[in-house]
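Student: When we follow this note's numbering, the leftmost residue of the sequence shown carries the number 8, and every step to the right adds one.
Read the hints as simulated data drawn from the structure, not as lab findings.
Hints should not be assumed to be uniformly reliable.
Unchecked claim - Here are the simulated lysine to aspartate or glutamate pairs, DMTMM-like style, with alpha carbons at most 20 Å apart:
hint	residue 1	residue 2
1	79	41
2	32	66
3	79	91
4	57	83
5	82	36
6	69	83
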Amino acid sequence: MKQCNLCSDAGSHDRAVLLYEYIGKKTVDLQHTEVPDAYRGRGIAKHLAKAAMDFVVEEDLKAHLTCWYIQKFVKENPQPQYLERVFH
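Take the sequences, apply the hints, and build the full model.
Tutor: See below:
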């Protein structure tokens, strides 16, 4: 399992996290997003979800969306380049 971190202000240990795991050579499972309470409601999880889906597109991967928030993001942003790479 790997993670992508989005850190907050300098000196702070709070970080937003996207957990993911490659489950095949060209398939990634986007498992979980987490944003510290102090930073919720600022669109940070949306940035993580968009970055994850853009990465899937750029790298020509398939994505399994275990994370409910990324599922919601794709449903609310049904771009063809996202939808064609998601499998259920």
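Student: Hints first: check each against the structure and report whether it holds.
Tutor: Hint by hint, here is what the structure shows:
| no. | hint | in the structure |
| --- | --- | --- |
| 1 | 79 with 41 | holds, 14 Å |
| 2 | 32 with 66 | holds, 11 Å |
| 3 | 79 with 91 | holds, 16 Å |
| 4 | 57 with 83 | holds, 11 Å |
| 5 | 82 with 36 | holds, 17 Å |
| 6 | 69 with 83 | holds, 19 Å |
Violated hints are absent here; each numbered hint is respected by the structure.
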